[in-house]
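Here are the chains, one letter per residue:
There are 2 protein chains.
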Amino acid sequence: MVAKFVSERNLKFLLYEVFDAESLTGYNYYREHNRKAFDMIIKEALKLSKNLLYPVFTEMDRNPPELVDGQVKVHPSVKTIMKEFGKGGWITGRMPYEHDGNQLPHLIANACEFIFAAANYSAGVYPGLCAGATHLIESFGSQELFDTYAPRMLAGKWQGTMALTEPEAGSSLADITTTAEPTGQGYYLIKGQKIFISAGDHDGAENIVHLMLVKIKDAPPGVKGISLFVVPKYRFDEKGGLIPNDVTTSGLFHKLGYRGCPIVQLSIGDKNNCRGWLVGEPHNGLRYMFQMMNQARIGVGIGAVAIATAAYYASLDYAKTRHQGRSIAKKDPALPQISIIEHADVKRMLLFQKAVVEGSLSLIMQCSKYVDMITVLPDDRKEKYQLLLEVLTPVAKSYPSEMGIESISRGLQCFGGSGYCDDYPIEQYYRDARIHPIHEGTTGIQGMDLLGRKVVAQNGRAFVLFINEVRDTITIAEGFPELRPFARQMGESLTTLENVTRHLMQIFMEKGAEYYLADSTLYLELFGITAVAWQWLLQGIAVRKALENDSNKTEQAFYSGKFIALRYFFGYELPKTRGLAERLLTGDGLTVEMTTELFND
Amino acid sequence: MVAKFVSERNLKFLLYEVFDAESLTGYNYYREHNRKAFDMIIKEALKLSKNLLYPVFTEMDRNPPELVDGQVKVHPSVKTIMKEFGKGGWITGRMPYEHDGNQLPHLIANACEFIFAAANYSAGVYPGLCAGATHLIESFGSQELFDTYAPRMLAGKWQGTMALTEPEAGSSLADITTTAEPTGQGYYLIKGQKIFISAGDHDGAENIVHLMLVKIKDAPPGVKGISLFVVPKYRFDEKGGLIPNDVTTSGLFHKLGYRGCPIVQLSIGDKNNCRGWLVGEPHNGLRYMFQMMNQARIGVGIGAVAIATAAYYASLDYAKTRHQGRSIAKKDPALPQISIIEHADVKRMLLFQKAVVEGSLSLIMQCSKYVDMITVLPDDRKEKYQLLLEVLTPVAKSYPSEMGIESISRGLQCFGGSGYCDDYPIEQYYRDARIHPIHEGTTGIQGMDLLGRKVVAQNGRAFVLFINEVRDTITIAEGFPELRPFARQMGESLTTLENVTRHLMQIFMEKGAEYYLADSTLYLELFGITAVAWQWLLQGIAVRKALENDSNKTEQAFYSGKFIALRYFFGYELPKTRGLAERLLTGDGLTVEMTTELFND
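Going down the list, the protein sequences come from chains A and B. Read in our numbering, the first sequence has 544 at position 544, and its numbers run on one by one without any break. Read in our numbering, the second sequence has 289 at position 289, and its numbers run on one by one without any break.
Take the hints with a grain of salt, since some may be wrong.
Which copy is meant is left open, because identical chains are indistinguishable; a pair holds if it fits in one copy or across any two.
[Claimed, not checked] SDA-like cross-link-like pairs, simulated, lysine to any residue; straight-line CA separation at most 20 angstroms: (1) Lys576 with Leu494; (2) Lys330 with Gly225; (3) Lys4 with Leu465; (4) Lys330 with Phe253; (5) Lys576 with Thr586; (6) Lys320 with Thr595; (7) Lys320 with Glu593; (8) Lys331 with Gly222; (9) Lys47 with Arg544; (10) Lys50 with Glu555; (11) Lys87 with Leu547; (12) Lys576 with Thr496; (13) Lys330 with Pro220; (14) Lys331 with Arg488; (15) Lys382 with Val464; (16) Lys330 with Glu593; (17) Lys83 with Leu387; (18) Lys83 with Leu465; (19) Lys224 with Gln324.
Derived by calculation from the structure, the hints in this document are not laboratory data.
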């Protein structure tokens, strides 16, 4: 039996009632689509997830990849999944028609990605990486590169990867040492080591195509000398046959979770016979990669909220069916036990999850809508959305990641002792989700990205645009009597965020970047809670509008539940900004000034 | 190589400089002890942990218990550990001399328990349960029961357990259905099911002795009809040989962590041939068990802070040796990379861990000191400490459990991608620690215990005593200029806690227990942060006193590090009470009034 892992109703609420996905079809780029088509795509994604992904969710965890004679063996369903995703056009979803894509709005494509990840996070990573890697080649590579690799990757036959990290260069990409030696024959000879490469080798695909960061010999030092290469596991020989390209899988990591997908270590060019093909211009690799990286960061947010969503429904189901204890008002042991969902503390833990996951998903959809606006608008009108997307990307990556773990942990807690055992899927969700604050830039990196780059860029224009977006929402919310208290609270929180930001700017000018950035992770947390409160206010507006119309009973319950979750977020979560603001406003440079010798005993 | 898993220096700081363990030897009960003996015991506990427990920490996780032909097989080292703990007198540590114990102060015995759990949490559970179960027999059982079971359990030959939970009675013990039928021959016939029994069956011991909650036939309903029984796996026949006692291991749970210790399901009396012996009076079982349970709750706190401590040192070591990135002030890629401990955000994550684990351990030691005062003082003077212990027990159980997980998660984060892989022990700490908010009463149960029982008992006397203890500390702290700002902040936080408590009392009177207890988990969190801040202020006083005296450089660094952690706690953790207080002061009964139908889609 397939348990509930996402809510189709909630997805449609966000897509149509909050973010008006239909309006996108009014733009030229998306004119071939319509609401009915969107609905069908969502239905198909759900079907595929129920039939193909969810059934092997536990199995792929219990039978993790193995490295056998230099070849990574994965669960046999991976091959089927790649094939079905290729055949169904899921990998080409967002690609333009001219490249045989479906030119899907990001709102819809990300909704599908969310569904897949909720059903089986590890499984969704394989086709997701294919799409991302192909998009890189499409955007920056030559036609020849595209023709060689894209059709096979989009068909799910060849696996695409992002090969960035090296043993001595994780968060610090400036320090990669993998090198490319020009040959004058259209290709370079590549030599080096890469680690933590997701889907970096497996027998579910016929070939692995690494989009790899490499330094061309004598390149400038640091990030300015990084180039992007296509480095396949197998390359074509003169006769068009595939031969090994001197890329060896030298290790396979055993992980806490996310076990359905292998993470490998690669040795490249051990025999001096590994060929790589330059993508775009030399020394522009990091810029190119960051196109994919920014999408990947939203993708991490999607994965994080997806796992937490599945965990929420698992714990909700358990809380409804498990009987334990009695109401505080009627403790008579002769009475039958009640469903644990009747206990206030269990309701609180469920509301926390609902508030976090539906708020996070809304933030993801907000970003997706911005991507769509960037896609459809002419250059002179898209800048606003570009800036909003940039400032929200670190938030959309880290809030769902950090809070998703908290959310799943509360879900696990609803199960009591059973949550700690593998008879239920919740312990796997708990393990799977822990990767998200780490990969594609840790939470600490996101904090520095937000405060050190995004907030200050163009004299703080992105920040001001964000504030204006929230203010616009507050204005609309004030039109609904039931939303007024929340609009007011939102306004106060926004002022807090502005004050904190202004205070930090002052610190920057007085004491420099180190002090300014010292608590950027806390700033990110403050920003995240504020942004998700905004998303709840947006949802609240859609709820009030819907409740004004006639609606059947089920729908009334749906909207009322939404409103309760909004109240929860503003009542329990938003007040957390108080302590964060206090700290940020009184920061004393403790972590900058403290010498590390004091970590003594 | 054995990595550092605890700090002997910090333990001694707490034992002697904060809690003056030596002063206990001035009381008659502990007069045979002295500081030198305490030090030797700590040394021995460290030695045993390094030689016997830590080396199999990972191995016991990777080779978890198996159920083979109805018998649980555990790692072979369990037998050795039980034997060595028995031989070394570690199980009898706290027992009085008259029962061949060492009459150790709880401060010292709990310090040892902490060391063992930090080295290998699962391993420490086996002897810990033996000690707890024997203590129950000693306190409430007949001499005959004691003579039959205690010597073997204290020698580590027989395993003791706590058998409470049943499939339909986890948190709700009122609903147990295991029954005892009197036979008139000194024993009862026991029949029923128990689940989640730690060390409930294994081949590292020759017998398993369950201290089991059972209802005697025709007992009153609910918790008032629960009795305590000794139910062994093997019982003596007339000739003094051991024969099976009809206790069958019907299941073994596969767990997220804490895998070195089996958790089993038991079928009791399937053949109507299971004999149990009543401990103490009928229908008093829950009261008896709660003696053990309260100790077990402190024990959970010890286990939680122990695992988090080991995780802290693991991440500290990694942060010192791992090089990545450059200082924000000097970003030149030509410079060598710096240790990640030099980054402010990593320092913050390490300080967070230090503040949480050393603060939690201090709270545990505070409770241990209270137990010692109860032990040494005459009846008319011990009540104060009894009440303080009671009000702090749910806090000492849950703060280390909940915050320990956060702490380990930040530790894991310091490792980046490596933290997610099993090449380092941190992922195991992360899994092991997740049990603590669940077993021996979930965090939700602790919250209700604190607010629903402890805070209101005797017209709030325990609460007032606690407030007075903190006020006394504030007064002393005000005598040190460097501590004055923290004393002031502590005073404000204490006022907040009092205001919130008063407000909730008002709610209780106006709206009843359901509303009063609805956010008791948040109240517990607020109380916990306040209590640990108090512990940091206590430590701060000891630090200032020490710094006033001449001291060598290493010692100066130790005390300065302590002071930094205190500053961290007051700067980053204590402000979290703001949001909690805001919520608790404006609680609107959301989770009481919300009908569960609104969890719709």
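Hint-by-hint comparison with the structure:
Proximity of Lys576 and Leu494 under a CA criterion of 20 angstroms is satisfied in both settings, with 13 angstroms inside one chain copy and 19 angstroms between copies. Taking the closest pair of Cα atoms, Lys330 and Gly225 come within 20 angstroms of each other only across two copies (19 angstroms); inside a single copy the shortest separation is 71 angstroms, beyond that limit. In this assembly of identical chains, Lys4 and Leu465 lie within 20 angstroms of each other by CA distance neither inside one copy nor across copies; the values are 38 angstroms within and 50 angstroms between. Within a single copy, Lys330 and Phe253 get their C-alpha atoms no closer than 53 angstroms, and across copies no closer than 34 angstroms, so neither meets the 20 angstroms cut-off.
Taking identical chains as interchangeable, the C-alpha atoms of Lys576 and Thr586 lie at most 20 angstroms apart whether they share a chain (16 angstroms) or sit on different chains (14 angstroms). Taking CA atoms no more than 20 angstroms apart as the test, Lys320 paired with Thr595 passes between copies only; the shortest distance there is 12 angstroms, against 52 angstroms inside one copy. Taking CA atoms no more than 20 angstroms apart as the test, Lys320 paired with Glu593 passes between copies only; the shortest distance there is 17 angstroms, against 51 angstroms inside one copy. For a Cα distance limit of 20 angstroms, the shortest separation of Lys331 from Gly222 across copies, 10 angstroms, qualifies, whereas the shortest one inside one copy, 68 angstroms, does not.
When the C-alpha separation of Lys47 and Arg544 is checked against a cutoff of 20 angstroms, the pair qualifies neither within a copy, at 32 angstroms, nor between copies, at 66 angstroms. For the identical chains of this complex, Lys50 and Glu555 are neighbours neither inside a copy (24 angstroms) nor across copies (61 angstroms), given an alpha-carbon limit of 20 angstroms. Neither within a single protomer nor between protomers do Lys87 and Leu547 lie at most 20 angstroms apart by alpha-carbon distance, with minima of 41 angstroms and 72 angstroms respectively. Taking the shortest alpha-carbon separations for Lys576 and Thr496, both the intra-copy value of 12 angstroms and the inter-copy value of 16 angstroms come in at or below 20 angstroms.
For the identical chains of this complex, Lys330 and Pro220 are inter-copy neighbours only, at 18 angstroms across copies versus 74 angstroms inside a copy, given an alpha-carbon limit of 20 angstroms. In this assembly of identical chains, the alpha carbons of Lys331 and Arg488 never lie at most 20 angstroms apart, being 40 angstroms within a copy and 43 angstroms across copies at closest. Proximity of Lys382 and Val464 under a CA criterion of 20 angstroms is satisfied intra-copy only: 16 angstroms inside one chain copy versus 62 angstroms between copies. Proximity of Lys330 to Glu593 under the C-alpha cut-off of 20 angstroms is restricted to the inter-copy arrangement: shortest distance 16 angstroms between copies versus 57 angstroms within a copy.
In this assembly of identical chains, Lys83 and Leu387 lie within 20 angstroms of each other by CA distance neither inside one copy nor across copies; the values are 37 angstroms within and 66 angstroms between. Neither within a single protomer nor between protomers do Lys83 and Leu465 lie at most 20 angstroms apart by alpha-carbon distance, with minima of 43 angstroms and 68 angstroms respectively. With identical chains, the CA atoms of Lys224 and Gln324 are at most 20 angstroms apart between copies only, with a shortest distance of 18 angstroms across copies and 61 angstroms within one.
In this structure, the hints that do not hold are numbers 3, 4, 9, 10, 11, 14, 17, 18, in rising order.
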